[in-house]
Structure formats: C-alpha cells, structure tokens
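Spelled out from the first residue to the last, the chains are:
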Amino acid sequence: NAGVTQTPKFQVLKTGQSMTLQCAQDMNHEYMSWYRQDPGMGLRLIHYSVGAGITDQGEVPNGYNVSRSTTEDFPLRLLSAAPSQTSVYFCASSSPRYPEAFFGQGTRLTVV
Amino acid sequence: GENVEQHPSTLSVQEGDSAVIKCTYSDSASNYFPWYKQELGKRPQLIIDIRSNVGEKKDQRIAVTLNKTAKHFSLHITETQPEDSAVYFCAASKKGGSEKLVFGKGTKLTVNP
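Top to bottom, those sequences are chains A and B. At position 53 of the first sequence the residue is numbered 53 (my numbering), and the sequence of numbers has no breaks. Add 112 to the 1-based position in the second sequence for my numbering, that's all there is to it.
Each statement offered as a hint is correct.
Quick list of in silico lysine-lysine cross-link-like pairs, DSS-like style, CA-CA up to 30 Å: (1) B:Lys154 / A:Lys14; (2) B:Lys207 / B:Lys220; (3) B:Lys170 / B:Lys183; (4) B:Lys207 / B:Lys180; (5) B:Lys212 / B:Lys180; (6) B:Lys154 / A:Lys9; (7) B:Lys206 / B:Lys169; (8) A:Lys14 / B:Lys217; (9) B:Lys206 / B:Lys180; (10) B:Lys217 / A:Lys9; (11) B:Lys154 / B:Lys170; (12) B:Lys220 / B:Lys180; (13) B:Lys212 / A:Lys9; (14) B:Lys220 / A:Lys9; (15) B:Lys149 / A:Lys9; (16) B:Lys220 / B:Lys134; (17) B:Lys207 / B:Lys169; (18) B:Lys149 / B:Lys206; (19) B:Lys149 / B:Lys220; (20) B:Lys217 / B:Lys149; (21) B:Lys183 / B:Lys212.
Listed next, the stretches of chain B that the computed footprint assigns to chain A, with coverage defined by at least 3 CB atoms under 8 Å from CB atoms of chain A: (22) 155 to 167; (23) 204 to 215.
If you are wondering where the hints come from, they were derived from the structure by calculation, not from laboratory data. As the structure is a prediction and not an experimental result, all values here were calculated from the model. Glycine residues also receive a C-beta, built at the ideal position from the N, C-alpha and C atoms.
Whenever a hint applies, use it, and build me the whole structure from the sequences.
Structural data, given as structure tokens:
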C-alpha cells in the first residue's frame, strides 16, 4: 500500500493563478481532510469529506474548493492564489473504525 | 468552535529526563484526543491517542492522561532519547474520529545528549 499520496511536492505560483493539489489514498478510508501548516500555527483544517459526494468546510476554507467524486481522491483547488496561501498543505485520510489519521508527505506551496 | 491550547511551545530536556506537554480544550463534547509527532520536513504521525471514556493510556515510554472535568490532557515521555526530538501536536475531535481534528500549535521538543 502506498498510503496517502500527494502531488506535487513543491509548487511556485504567481498571484492570481489557479491550481489543484492532488491527494489519493489506497486504504479505502471513508474520511479525507486537507490541512495547512504555517509556522507557529499548527495544522488548520481547510475542508474535509466523510464520503464520496460529501464535503464540508473546516476552519479556514476561504479561497479553496474541494470535491470528492471517488473514495480514493480528494483534490484541493486554489481558485486565485494569494501570497497568504503560501504554506505547507497536508492531506489526511482515516476510517470511522480506526481513527488514526494517515498524512500524505505534504505539498510546499509558495505564492509570489 | 473547538479551541485547543498547547504548552509549552518549546521544551528542552537532557537525555534520560522526562518531558510533559499539556493541552486544554474548550468544547466539552470533544471525545477523541490524539497526539502526533512531526520530525523536521516529515509528515505528522500518530504516536498515541485516548478517548474520553479512558483516563490514562500507556505505550512503552509514552503515556497520555485525560481530565475531562478540567478539559485538559497531557503527553508524558519518560527516559527521553535524542530521537524523541521533534514537534509534537495535540488534537481534539468531537466526532470520535479524525475527519475534523482541531490541533494545538505544537511543542518543539529538543532532547540534548
């Protein structure tokens, strides 16, 4: 099993550009979440999903969109990148039966 | 919404000493409390977790205690080793699982040889 796979690992965007961060898991987990990690701020929840076709907002959803068309994939879309979105983004998956969250390796995004 | 406070933000100990990290949460409905370890440049990984119906849980050198009345929980690491050096995050969830975790801001633990 690959676990949770995020692509790309690094990305530089110009202000106003859009892009999609990819997240895929092969553990058949129902739950998937996106977090951003900023220095001194811990991890903050952006959006999460409890199953295909079901998504909800987290603590910091503005400027981000998600969709969940399959159990395996949970892409995060930045609609119009801003310097404030410079961060490390982590995707995580988990199951209601075993609550441990498994994280991807992260995507380091810089918006200039 | 839920708020999780974590202290201290940095902690330095000598190898072999114990380390304690404390967290408080605001929502009394929270019922699941995991601790994650993140080494530099790596992803967070679960090291121990506790549910609200349990007061204490141990796994070798690591233990977590929970006081529901005071709404705080703590991570205890005994006989610290240099490889314990990392950032530790506490988190809370009121859904019993990890789909919507609220994290503390982290504690950077340094274990000096």
